Structure formats: structure tokens, C-alpha cells
Amino acid sequence: MLEVKGLEALYGAIRVLWGVSLRIEEGEIIALLGGNGAGKSTTIKSISGIVRPAAGEIRFLGERIDRLPPHQIVEAGLIQMPEGRQIWGDLTVRDNLELGAFSARARPERARSLAWVHSLFPVLAERARMRAKSLSGGQQQMLAIARGLMSRPRLLMLDEPSLGLAPQVVDEVFETLIRINEEGISILLVEQNVEFALRIADRAYVMENGRIVREGASDALRASDEIRAAYLGL
Amino acid sequence: MSALLQILIGAGLQGALYALGAIGLSLSFGVLRIMNLSHGDFLMLGGLVGYLAFVHLGLNPFVAAALVGGCLFLAGIAYHELLLTRLAGRSPRGVLIASVMVTLGSALAIEDLTAFFWGGSSIGIPYRLRSLVWGDAVFPLLRVLLLVATLVLTTGLYFFLGKSFLGRAVVASTLNREGALVVGINIRRIALFTFGFGIALTGATGVFYATLFSIEPYMGLGLTLKYLAVIVVGGIGSLPGALVGGLVIATAESVTAYYLGPHWSPMVAFAILVAALLVRPQGLLGRA
Chain A
1 MLEVKGLEAL YGAIRVLWGV SLRIEEGEII ALLGGNGAGK STTIKSISGI
51 VRPAAGEIRF LGERIDRLPP HQIVEAGLIQ MPEGRQIWGD LTVRDNLELG
101 AFSARARPER ARSLAWVHSL FPVLAERARM RAKSLSGGQQ QMLAIARGLM
151 SRPRLLMLDE PSLGLAPQVV DEVFETLIRI NEEGISILLV EQNVEFALRI
201 ADRAYVMENG RIVREGASDA LRASDEIRAA YLGL
Chain B
1 MSALLQILIG AGLQGALYAL GAIGLSLSFG VLRIMNLSHG DFLMLGGLVG
51 YLAFVHLGLN PFVAAALVGG CLFLAGIAYH ELLLTRLAGR SPRGVLIASV
101 MVTLGSALAI EDLTAFFWGG SSIGIPYRLR SLVWGDAVFP LLRVLLLVAT
151 LVLTTGLYFF LGKSFLGRAV VASTLNREGA LVVGINIRRI ALFTFGFGIA
201 LTGATGVFYA TLFSIEPYMG LGLTLKYLAV IVVGGIGSLP GALVGGLVIA
251 TAESVTAYYL GPHWSPMVAF AILVAALLVR PQGLLGRA
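So the sequences go chain by chain: A and B.
Take 1 as the starting number for the first sequence in the working numbering and just add one per residue.
Take 1 as the starting number for the second sequence in the working numbering and just add one per residue.
Careful, some of the hints might be misleading.
Unchecked claim - Heads up, incomplete: computed chain B residues facing chain A, CB under 10 Å, no partners named: (1) R93; (2) V95; (3) A109; (4) D112; (5) A115; (6) F116; (7) G119; (8) V171; (9) I185; (10) N186; (11) R188; (12) R189.
Keep in mind that the hints were calculated from the coordinates and are not lab data.
Here the structure is a predicted model, which is why all the values come from computation and not from measurement.
Where a beta carbon is used, it is the ideal one built from N, C-alpha and C, also for glycine.
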């Protein structure tokens, strides 16, 4: 479904990604793991078009997307939930959601999508007319995910959805991701919370210094002593 | 008493005109991070084209304003494509500094070229309507109509930005650019549309200016600085803020002119700007 080959990216003159390659099959949940500064966010942003790749090929559903502007990638159904959520605090919850269905593909489905995200996240229906910034951290995270769902994703990329959330809220978020995946949406999950990410992902890639250093089925990685030592502190 | 009333009403019209002219500046900074110092020169050009339309085509200022609006919308987009598009890749701070330099240069060029081809004299559209008399207050019908037109435009814009899908996309792009990108908003097209629209609005205001006051080639930069004061006082990016800022400055100018003398009023806008920056830099209605 998504194929990334030899992705390279620069910030100014500094190379941050060195030949990153990964793939996602339809229906999978894939985790992209690694410490701070490993290049996970840059990889996601290169895929979604917000950062322009310096080299490499990215194919989504068979079509090359690596030189397209972000709005066209959204039209194809590749949706990103960015790091730090980037919701519109001064707009209402409902406005945030409705704007999620901005693309030509998602707009006709807007009412249906709204009903669906309300069933997944009832709190967003209750607070529809409130300003988004008045929501709690966990609720804002739900809003950011819901907004991504309004864009009718085929593949949803989430950048650190558990950041800054209390443990039971993290549980809820990950429950929701499993439900979304069951509805047929493939997921690419960037996470520092390795424990949880490996629990819901089918496969994972581990990044370090702009490169992929390990990949494999999540069961295998969880069992590996190397990973446990490096990331789970065991 | 009625003198003060007339001053306030006059200030109301002046404030609304300031707001109309300043909105484009606020929007283009909000959406594109471009500080367009040539903004006031488009008001001057709009007034000039309006004058020519009046003299050669016999169009009244209201029709001419619509025509000028249309022309300057396209001119604004062309201007952006020619000079400002290549700034897009830079950091916000880089865009700001570069846009200041580019637009300052083009402001000077526009003013000098206009003076060269037109002559340095000021012109006005000699369009007069009758006056309304109410008690011992006199209201020129023209001013009243222009005030109504200005309020209609500002209200229309307010509802467009607040209620329509496209309008909310423009506002969202101002508030959080990355958020706008991830939902598939074509920021480039929105930015272009917003910029062109801001220029169109200012051009139409220029026609009103030419009718009420006069237009001369070198008025642009001074006007742009005054608009800067308006949007800083009201809050950058806020549409009601532009209205409030315009009214505050216009009222202060009128009251100062009446009590201290007309030669004091040009300074008022800048005194208020300095005070605003010291006391409340985000403006009365702006976000912190």
C-alpha cells in the first residue's frame, strides 16, 4: 500500500534521513520507533509532503507521491495526524472536525464521517460548540485523531499520539486505533511509548540517527534483549 | 454638542475606511506572513483608476469601486506571483524580512512611476450628491452612502470568514498552518486568493478616498504606516479588531484636530501605535 525507498531529507544543509526504506501492506498497523531526534517525524512529514524529500521514491497505492504538494497527498487518502496535534484552539470542536473534511474526496461524506467520529468519541459531540482549546489534553488528542478520520483516510499516520497523556487515556487512544484499523484503515504509528506501540502493531521499524536499524514482527522485537535494553530499560 | 456629534460621525466613517483599507494588510500578514509595505500604494492606484473611470467612462464611484476591486484582485495576484512567490520556502522570519524589503522597494517604484507619468498633483473625483439635514446637523448623502457601503463590505467579509467553508479555511490557515496542510487545504491557492482580495479591497477603498478627499502619488507609504497602527491596535489577524482599531485611531485624530488643531492629528496614529506596543502588543482583540 505504501512503499518508501531510499528516502533522504535535509534540514537546510544538514542531512537528517539517510536512505530510509519501509513498506506497509493494506490493513496493517506498523510502528515506527526510536528515540528523540531519530528522524521519525521527518520521515512522516516527508511522506505527507510537508517536507520535501531530497532523494528517494515514495509510492502510495502504486502511484508516486514524493514530489506532490501536501493537499494532493491528502486527496489520495494518506492522512497525517501531526506531532503536537496542531488543532485550531480558537475554533469550535465542530469547526475543527468539519474542516477535516475539506478535501474534495472527503467533503461529500462529511455528515456521515461526523456521525462516525461522534460514535467513536462521544465527548466531541457533547462539546461540539466549545472552543477546542478548552478541551483537556486527552480530549484534544481525540479531536486531532477524529479530524484525521474526517479526511477519510486509507492510511492514517499518527505522530506521537500518546505524548503528554495520562496512562488510562493512552489506553483509550490505543483501543480506538485498533477499532479504526478493524474498519479497514491502515495505520502507521510513530511512538516513543514502545511498550504500547508494540502491543498493537503487527510489525515495527526502529530508527536511529536517520536510519532504520531494526525491523520485524512486534512479537519478535518485544522478545529481543537488545530492544528491551535500549528502549524498555530492562 | 452637535459639533461633537458630527465629529464622531465623521470619525466613524473615517474609521470604517481605515478598517477597510487595513484588512488586506492584516490578512496578508496573517495568512502569508507577508508584510506588504506597498499596500497603501494600491489604494492610491485604485483611486487613480476610479478617477479615470469617472472621467472617461462616466462611472459613479460605487460602480467604479466594484470595477477597481475586480481589476486589482487580478493585479494583486499578478504582483504576488511576480515578486513574492519565491519567498515561500523561507522561515517565517525570513519571509517577513524579505517581504518588507521587496514591498518597500516596489512601493517607492510605484510612487515614482506614478508621479512621473501622472504629474505630482493631487486629484479627486468630483462626484456630489445632495445633503441631508436633521435638526442643525448636516449629513452629506454621499458620506452616508459610503459609510453604509463600508459597513456592508465589512459585515459581509465577517460573515464570509466566519460562516462559509472557504472563509473558515482562510481563518484556519492563519491560525495554524500545519493544521491546514494536514487536512488538505491548498495553502498556496488560499494565500493567493487572500492576497489578491486584500489588494482589491484596498483599491476599492481608494475610490472612496478619491471621492471624499483626494489622491496624490506619494500618499501610499504614510497610509501604510497608519494601517499598521490600525491593525496593531486592533490585533493582527482579527477582522473586528481592524474595525475597532480604525475607529479608535480615527476618533483620536478627529478629537485631536478639533481641540488641538489639525496639524497635530497625523502624529496621533503613531503615538497610539507606540502606546499599544508598550502596553498591549497583541492588540485589543488579537490573540496573545
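Cross-check of the supplied hints:
no.	hint	result
1	R93	14 Å, violated
2	V95	16 Å, violated
3	A109	32 Å, violated
4	D112	38 Å, violated
5	A115	41 Å, violated
6	F116	41 Å, violated
7	G119	46 Å, violated
8	V171	7 Å, holds
9	I185	5 Å, holds
10	N186	4 Å, holds
11	R188	7 Å, holds
12	R189	9 Å, holds
Of the hints listed earlier, those the structure fails to meet are numbers 1, 2, 3, 4, 5, 6, 7, in rising order.
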